[in-house]
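Undergrad: Letter by letter, the chains look like this.
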Amino acid sequence: MIEVKDIVKIFDGHVVLDHVSTELRDGEVNMIIGQSGSGKTVLMKSLIGLHDLDEGQILYDGRDLAEMRNKDIRMLHREVGVLFQGSALFDSMSVMENVLFPLEMFSHLNREERQARAEFCLQRVEIPQHLWNAMPNEISGGQQKRVAIARAIVLEPRYLFCDEPNSGLDPKTSLVIDALIQDITREYNICTIVNSHDMNSIMEIGDNIVFLKDGRKEWQGSRHELFDSENEALNDFVFASELFKRIKKQ
Amino acid sequence: MQFLQHIGEYTLLMGRVLRWPDRQRMFWRQYSRELEKQGLQSLPIVLIISLFIGAILTIQAKINTENPLLPTYTVGLLTRETLLLEFSSTILCLILAGKVGSSIASEIGTMRITEQIDAMEIMGVNSANYLILPKILAFLTMMPMLVIVSTAIGLLGGWAVGAFTDIITVHDYLIGIQYAFNPYYVWYSLIKSLVFAFVITSMASYYGYSVKGGAIEVGRASTKAVVNTNIMILFLDLILSKLLL
Numbered sequence: 001m002i003e004v005k006d007i008v009k010i011f012d013g014h015v016v017l018d019h020v021s022t023e024l025r026d027g028e029v030n031m032i033i034g035q036s037g038s039g040k041t042v043l044m045k046s047l048i049g050l051h052d053l054d055e056g057q058i059l060y061d062g063r064d065l066a067e068m069r070n071k072d073i074r075m076l077h078r079e080v081g082v083l084f085q086g087s088a089l090f091d092s093m094s095v096m097e098n099v100l101f102p103l104e105m106f107s108h109l110n111r112e113e114r115q116a117r118a119e120f121c122l123q124r125v126e127i128p129q130h131l132w133n134a135m136p137n138e139i140s141g142g143q144q145k146r147v148a149i150a151r152a153i154v155l156e157p158r159y160l161f162c163d164e165p166n167s168g169l170d171p172k173t174s175l176v177i178d179a180l181i182q183d184i185t186r187e188y189n190i191c192t193i194v195n196s197h198d199m200n201s202i203m204e205i206g207d208n209i210v211f212l213k214d215g216r217k218e219w220q221g222s223r224h225e226l227f228d229s230e231n232e233a234l235n236d237f238v239f240a241s242e243l244f245k246r247i248k249k250q
Numbered sequence: 001m002q003f004l005q006h007i008g009e010y011t012l013l014m015g016r017v018l019r020w021p022d023r024q025r026m027f028w029r030q031y032s033r034e035l036e037k038q039g040l041q042s043l044p045i046v047l048i049i050s051l052f053i054g055a056i057l058t059i060q061a062k063i064n065t066e067n068p069l070l071p072t073y074t075v076g077l078l079t080r081e082t083l084l085l086e087f088s089s090t091i092l093c094l095i096l097a098g099k100v101g102s103s104i105a106s107e108i109g110t111m112r113i114t115e116q117i118d119a120m121e122i123m124g125v126n127s128a129n130y131l132i133l134p135k136i137l138a139f140l141t142m143m144p145m146l147v148i149v150s151t152a153i154g155l156l157g158g159w160a161v162g163a164f165t166d167i168i169t170v171h172d173y174l175i176g177i178q179y180a181f182n183p184y185y186v187w188y189s190l191i192k193s194l195v196f197a198f199v200i201t202s203m204a205s206y207y208g209y210s211v212k213g214g215a216i217e218v219g220r221a222s223t224k225a226v227v228n229t230n231i232m233i234l235f236l237d238l239i240l241s242k243l244l245l
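Same order as they appear, the protein sequences are chains S and D.
Just so it is clear: in the first sequence, position 26 is 26 by the working numbering, and no numbers are missing.
Just so it is clear: in the second sequence, position 137 is 137 by the working numbering, and no numbers are missing.
Same shape as in the complex, but just chain S:
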């Protein structure tokens, strides 16, 4: 579990995160939602430790991120898997080499065990074997996302961060990626944090939703509670389209 306690982040005198507190739970898909500029990305980068906080605490299962030294943060990062918006696959490496990379860097497995683990992860995200030696630019955007998920989970992380996982994907592929993230979260009891704009994703897999507005936490709840919420800002954001307004009324 990740506990966020009263965090403040200021850039050039502008308060980007204003006393945000929340809990991000294990075995659940924790979604951070909000309009562009609401502070979602800054919150996610602060959680990963890419931004230093001005105030507050972030606790990874009781371990305070601010009190960690660089070496401790690097160790913590080995428990973290990240799925980037643009997949961020290493373009000089094949699909298989991308998934093997964290294993070769950090695991103490022998060559056969590393290979077996990478094959297992690629099979888990349903990448066909004939693509294992392809380069990232030779596979589709959806396949790239799946390879990135395989790379993110290959070291069996305790925390999985996904930044706009459906960005640039068609609706059908987005559903596949959502289902995969949800399945992996349940299967390995990972604390998954998803930064998303995608209403379908929020409705499909959001177990614990944190809504940010102007750097403040405006609302928090499950996707079921979302429908019954009376929060005006949340309803304006989530049910912005006519279609979603009609769904809410029904």
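Simulated from the structure, these hints should not be mistaken for lab results.
Just so you know, even glycine gets a beta-carbon here, dropped at the ideal spot from N, CA and C.
Take these hints with a grain of salt, some might be off.
[To be verified] DSBU-like, lysine-lysine: derived pairs with alpha carbons at most 35 Å apart: (1) Lys5/S with Lys45/S; (2) Lys37/D with Lys224/D; (3) Lys71/S with Lys242/D; (4) Lys172/S with Lys212/D; (5) Lys213/S with Lys172/S; (6) Lys71/S with Lys172/S; (7) Lys242/D with Lys99/D; (8) Lys212/D with Lys5/S; (9) Lys71/S with Lys224/D; (10) Lys45/S with Lys213/S; (11) Lys45/S with Lys71/S; (12) Lys242/D with Lys224/D; (13) Lys224/D with Lys212/D; (14) Lys99/D with Lys224/D; (15) Lys45/S with Lys212/D; (16) Lys212/D with Lys71/S; (17) Lys224/D with Lys45/S; (18) Lys5/S with Lys213/S; (19) Lys212/D with Lys217/S; (20) Lys217/S with Lys45/S; (21) Lys213/S with Lys212/D.
[Claimed, not checked] Have a look at the derived ranges for each label pair, beta carbon to beta carbon: (22) Gln85/S with Met1/D: 31 to 39 Å; (23) Glu225/S with Arg29/D: 48 to 56 Å; (24) Asn137/S with Pro183/D: 47 to 55 Å; (25) Arg29/D with Asn137/S: 17 to 25 Å; (26) Val149/D with Leu175/S: 57 to 65 Å; (27) Glu225/S with Gln41/D: 38 to 46 Å; (28) Ile148/D with Phe11/S: 47 to 55 Å; (29) Met1/D with Val15/S: 22 to 30 Å; (30) Ile239/D with Asn137/S: 42 to 50 Å; (31) Ile7/D with Asp52/S: 18 to 26 Å; (32) Ile148/D with Arg111/S: 34 to 42 Å.
Take the given structure of chain S and dock chain D to it, following the hints.
TA: Just chain D now, kept in the frame of chain S:
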């Protein structure tokens, strides 16, 4: 002020680069890739340029030394000294700064803007060490060989002028390139080239690593890397010539 900021950031980056690699096996794999990419792939351009420059130097030396008071071997002597002292170390490095430097800056810059470097950092990898150290060491390894090959091929270009034209005789040329040979000049050339190899790879890596923005910024970083590396090479050439000669 900005200049001092660049120096500070470059120093901090080198502090992260010049460390023992996390995984030896991964380092050697990267290193061997870089040997091929920076060294062997630079060989064709080094061969072509050196051959032509050697020939051109010989022709120009002949034109400028047409004086009965000067011995006929002067042409070979001038060609050898110019190749050894300046062309095969400094001018070759200026050319390679364009080829290798821009390639490094754009490769690392693209990795930066496509979040590949962030991905490494979040995995807990020292991305600066993993990406940059093999490039620096591979180019440092290959550079002396490129300098020696360049000098030899340049001298061959001069010989070809003697062999295939009537500008100079092969006999006079061969006497000239052996006359009053100072072996220290070879060391001088190699020392300079090693310093320039470090400058090319480290500065290009710095400009690539510190890219912020999109594809246009990668192009700008690549251009800046080449221009500033060239200036630094010429500046260091001046200092090293004063110190070593």
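Undergrad: Run every hint past the structure and note whether it holds.
TA: Structure-based check of each hint:
1. As the CA atoms of lysine 5/S and lysine 45/S are separated by approximately 15 Å, the hinted pair is consistent with the 35 Å bound.
2. With a CA separation close to 22 Å, the supplied pair lysine 37/D and lysine 224/D stays within the 35 Å bound.
3. Our distance criterion of 35 Å between C-alpha atoms is broken by lysine 71/S and lysine 242/D, whose separation comes to about 44 Å.
4. Only pairs whose Cα atoms come within 35 Å are accepted, and lysine 172/S paired with lysine 212/D is accepted, the gap being roughly 33 Å.
5. About 29 Å separates the Cα atoms of lysine 213/S and lysine 172/S, which keeps this hinted pair within 35 Å; it holds.
6. A distance of roughly 41 Å separates the Cα atoms of lysine 71/S and lysine 172/S; the hinted pair therefore is violated under the 35 Å criterion.
7. For the proposed pair lysine 242/D and lysine 99/D, the alpha carbon gap of about 28 Å is at most 35 Å, so the pair holds.
8. Between lysine 212/D and lysine 5/S, the direct Cα distance comes to roughly 31 Å. Compliance with the 35 Å bound is thereby established for this hinted pair.
9. Under the criterion of a C-alpha separation no larger than 35 Å, the hint pairing lysine 71/S with lysine 224/D is consistent with the structure, at around 33 Å.
10. Between lysine 45/S and lysine 213/S, the direct Cα distance comes to roughly 17 Å. Compliance with the 35 Å bound is thereby established for this hinted pair.
11. Between lysine 45/S and lysine 71/S, the direct Cα distance comes to roughly 18 Å. Compliance with the 35 Å bound is thereby established for this hinted pair.
12. Restraint check: the Cα-Cα separation between lysine 242/D and lysine 224/D comes to about 27 Å, which is no more than 35 Å; the hinted pair holds.
13. A threshold of 35 Å between alpha carbons decides the hint, and for lysine 224/D with lysine 212/D the separation of about 14 Å falls inside it, so the pair holds.
14. The suggested pairing of lysine 99/D with lysine 224/D holds, with an alpha-carbon distance near 13 Å, which does not exceed 35 Å.
15. Using a Cα cut-off of 35 Å, the hinted pair lysine 45/S and lysine 212/D holds, with the two alpha carbons roughly 16 Å apart.
16. Note on lysine 212/D and lysine 71/S: the hinted pairing holds, with a Cα-Cα distance of about 26 Å set against a maximum of 35 Å.
17. A distance of roughly 30 Å separates the Cα atoms of lysine 224/D and lysine 45/S; the hinted pair therefore holds under the 35 Å criterion.
18. Proximity of lysine 5/S to lysine 213/S is assessed by CA-CA distance (about 17 Å); at most 35 Å being required, the pair is judged to hold.
19. With a C-alpha separation of about 29 Å, the suggested pair lysine 212/D and lysine 217/S falls inside the 35 Å cut-off, and the hint holds.
20. Taken as a hint, the lysine 217/S and lysine 45/S pair is honoured in the structure, with Cα atoms around 16 Å apart against an allowance of 35 Å.
21. Taking the CA atoms of lysine 213/S and lysine 212/D, the gap is about 27 Å. The hint holds against a cut of 35 Å.
22. A beta carbon spacing of about 34 Å between glutamine 85/S and methionine 1/D agrees with the range 31 to 39 Å that was offered as a hint.
23. Under the hint 48 to 56 Å, the C-beta atoms of glutamate 225/S and arginine 29/D, about 51 Å apart, fit the expected range.
24. Checked against the given bound of 47 to 55 Å, the beta carbons of asparagine 137/S and proline 183/D, roughly 50 Å apart, stay inside it.
25. The hinted window of 17 to 25 Å between arginine 29/D and asparagine 137/S holds, with their beta carbons roughly 21 Å apart.
26. Against the hinted window of 57 to 65 Å, the Cβ-Cβ separation of valine 149/D and leucine 175/S comes to about 58 Å, which satisfies the hint.
27. Hint check: glutamate 225/S to glutamine 41/D, Cβ distance near 60 Å, so the stated range 38 to 46 Å is violated.
28. Distance hint check for isoleucine 148/D and phenylalanine 11/S: the Cβ-Cβ separation is about 53 Å, which falls inside the suggested range of 47 to 55 Å.
29. At about 28 Å, the CB distance of methionine 1/D to valine 15/S agrees with the hint of 22 to 30 Å.
30. At roughly 44 Å, the beta carbons of isoleucine 239/D and asparagine 137/S sit within the given window of 42 to 50 Å.
31. For isoleucine 7/D and aspartate 52/S, the Cβ-Cβ distance of about 24 Å falls inside the hinted range of 18 to 26 Å, so the restraint holds.
32. The hinted window of 34 to 42 Å between isoleucine 148/D and arginine 111/S holds, with their beta carbons roughly 38 Å apart.
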